[in-house]
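A.B. asks: Listed in order, the protein sequences are those of chains A and B. Following our numbering, the numbering of the first sequence begins with 1 at its first residue and continues without gaps. Following our numbering, the numbering of the second sequence begins with 1001 at its first residue and continues without gaps.
Read the hints as simulated data drawn from the structure, not as lab findings. Some hints here could point you the wrong way.
Stated by the list, open to error - Straight line, CA to CA, 20 Å or less: simulated SDA-like cross-link-like pairs of lysine to any residue:
1. A:K87 to B:A1165
2. A:K118 to B:T1188
3. B:K1172 to A:A176
4. A:K87 to B:V1111
5. A:K166 to A:K120
6. A:K113 to B:T1184
7. A:K118 to B:W1085
8. A:K113 to A:S129
9. A:K120 to B:Y1191
10. B:K1214 to B:V1138
11. A:K113 to B:P1056
12. B:K1214 to B:W1085
13. A:K118 to B:F1186
14. A:K87 to A:A176
15. A:K166 to B:K1214
16. A:K118 to B:H1179
17. A:K166 to A:E38
18. A:K80 to A:K120
19. A:K80 to B:R1143
20. B:K1172 to A:E38
21. A:K87 to A:R35
22. A:K87 to B:W1085
23. A:K118 to B:R1143
24. A:K117 to B:T1185
Said to hold, decoys possible - A short, non-exhaustive set of chain B residues, derived as facing chain A with CB atoms under 8 Å:
25. L1124
26. Q1174
27. A1177
28. S1180
29. G1182
30. H1187
31. P1195
32. A1197
33. L1201
Glycine included, each C-beta is placed from N, C-alpha and C at the ideal position.
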Amino acid sequence: MQGQTAREFIIEVDKINKEFPGGVRALVDFSTQVRKGEVLVVIGPSGSGKSTFLRCLNGLEEIDSGSIVIDGIPLDDNRKHRLEIRKEVGMVFQLFNLFPHLTVVENINLAQKLVRKKTKEEAAEMTMSLLKKVGIPEKANNYPSHLSGGQQQRVAIARALALMPKVMLFDEATSALDPEMIGEVLDVMKTLAREGMTMVVVTHEMGFAREVSDRVIFMDGGRIVEEGTVEHFFTNPQEERTKLFLSQIL
Amino acid sequence: MNRLMITPRARRTGLVFNRSTFFDILKFILLIAVLTFLIYRGTLGLGYNWQWFRVPKYLFLLEDGTFTLGPLLNGLMVTFRITAWGLVLAFAFGLVTALFRLSHSFVAVVVARGYLELIRNTPLLVQIFFLYFVMAPVLGIERLFAAILALSLFEGAYASEILRAGIVSIHKGQWEAAHSLGLTTFHTYRYIILPQAIRRLLPPLTSQAISLIKDSALVSTIAVYELTMEGRAIVADTFMTFEIWFTVAAIYLVVTIILSLVVTIMEVRFKVVH
């Protein structure tokens, strides 16, 4: 059966646990699955484990137990699996993490050449089309320090997309931005969502969730407290903790 | 009113010129004049016979329009050879040691740590003697190579600490971004971490390079005919102690100052804006 039918879930997370030194349990028997093309929004108070969950998905954090399978590839100690998964999973960080010594174009070209083994011309073509997509082709030859926060984050999205990943992870991608720049980054993310990209988004932007999410998870203490559509969260949250949290962020 | 005006140049160099600066310079010149006078009187008392006119021929010879290097400049060429190879090897030793210490391999960490502590806690002179008198006959390496090896092992240990500090100073978000893009550890070091670290490290690495040039004088103790050794030989022949050592010191000074200037220019060119 397996391999013949199209895989239903592109991300399969089964009972993962993660404990940080000092005894903080960031994830406790955490399980979920994400369908191809699904947009999953993860919300929760700080320290609830939502960022840790995201960082486990591409191996930036090691899990203590449980299993993660991305597009059929298990995330284990096998170095090949790890690199393969990182090619297929793009990530956007809260603090952009652009490479400051490289120009915008070089930032986006680098992994295409090193990881996807593209020629200079192929990479350049891809890079320009991505810069047009995120709306800043005119900044191609600038250094990141000459860009605004919103522009830097859009470059970071383009950089992740350049590998043509099957999944995109967004770790509070708009939290470090000035309010007037949040919109331009969210617009790019919404476009991606509508194009059918599988996305896992840690955010406090409930407006974004309302517009494009298929499912919302509310986390606290390393566990899923409540799960449902965004309408469910707006109209009919069940748990006290969920109601309290929503009343604080809305 | 204009006394504290800060020019763009002053902002770059940290130098501010105003009226008190000129008094500072004046006072400094006076002090130097007094010191020079005292030294002059001291040498008069010694009855030292200055013979500066004999020095140039030890630098270079001009006969029948052909220019040949004298022993001092020949020695300088040997010093250049030692320091050029020394710099390359010291950087290589330093980089490998730094990467070993930051690796996850227990053996690599212990080896790097052992090398560092061994080199840092013994005198360079003893290391030169050990390599030349003990290791060179055993391994069959020649004098000049023993000298280069001793110097680069010594400076490499210090360079490794500088490089390690620079590497860990790069924000961990850079590692995470590189890893999330599927870059291997090698590619991350090569394209992301080291280019940023080395730009930050140019000033301390320059100090280390200057140390290497100066420390190369110590290999005269195993009779490598570099600048200092040539100086010693000339002094033994001519008894022009003061003139020759002044000249040798001046040559080292010119070389190291030129190196400092070159690095300053590089720093401006490769400046990373954060």
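A.B. asks: Now look at each hint and say whether the structure bears it out.
C.D. replies: Results of checking the hints against the structure:
1. A:K87 to B:A1165: violated (30 Å)
2. A:K118 to B:T1188: holds (18 Å)
3. B:K1172 to A:A176: Holds: B:K1172 and A:A176 sit about 17 Å apart, inside 20 Å.
4. A:K87 to B:V1111: The hint is violated at about 34 Å.
5. A:K166 to A:K120: violated (23 Å)
6. A:K113 to B:T1184: holds (13 Å)
7. A:K118 to B:W1085: violated (37 Å)
8. A:K113 to A:S129: holds (16 Å)
9. A:K120 to B:Y1191: Holds, because 16 Å separates the two Cα atoms, which is no more than 20 Å.
10. B:K1214 to B:V1138: Violated. B:K1214 to B:V1138 sits at ~28 Å, over the 20 Å cutoff.
11. A:K113 to B:P1056: At roughly 58 Å apart (the allowed maximum being 20 Å), B:P1056 and A:K113 break the hint.
12. B:K1214 to B:W1085: holds (14 Å)
13. A:K118 to B:F1186: Satisfied, since the Cα-Cα distance of roughly 19 Å is no more than 20 Å.
14. A:K87 to A:A176: violated (26 Å)
15. A:K166 to B:K1214: violated (57 Å)
16. A:K118 to B:H1179: holds (18 Å)
17. A:K166 to A:E38: Holds - the C-alpha atoms of A:E38 and A:K166 are around 11 Å apart, at most 20 Å.
18. A:K80 to A:K120: Cα-Cα ~25 Å, so violated.
19. A:K80 to B:R1143: At roughly 48 Å apart (the allowed maximum being 20 Å), B:R1143 and A:K80 break the hint.
20. B:K1172 to A:E38: Violated, because 30 Å separates the two Cα atoms, which is more than 20 Å.
21. A:K87 to A:R35: Given that 20 Å is the threshold and the Cα spacing comes to 19 Å, the pair holds.
22. A:K87 to B:W1085: violated (41 Å)
23. A:K118 to B:R1143: violated (49 Å)
24. A:K117 to B:T1185: holds (17 Å)
25. L1124: violated (35 Å)
26. Q1174: holds (6 Å)
27. A1177: This interface hint holds because 4 Å falls under the 8 Å limit.
28. S1180: Result: holds, 4 Å to nearest chain A Cβ.
29. G1182: The hint holds - B:G1182 has a Cβ within 8 Å of chain A, the shortest such distance being about 4 Å.
30. H1187: At about 5 Å, which falls below the 8 Å cut-off, the nearest Cβ of chain A leaves the hint on B:H1187 intact, so it holds.
31. P1195: Holds, because the Cβ-Cβ distance from B:P1195 to chain A comes to roughly 5 Å (cut-off 8 Å).
32. A1197: Where the cut-off is 8 Å and the nearest Cβ of chain A is about 10 Å from B:A1197, the hint is violated.
33. L1201: For B:L1201, the interface hint is violated, since the closest Cβ of chain A sits about 13 Å away, which is over 8 Å.
Checked against the numbered hints listed earlier, the structure breaks hints 1, 4, 5, 7, 10, 11, 14, 15, 18, 19, 20, 22, 23, 25, 32, 33; every other hint is satisfied.
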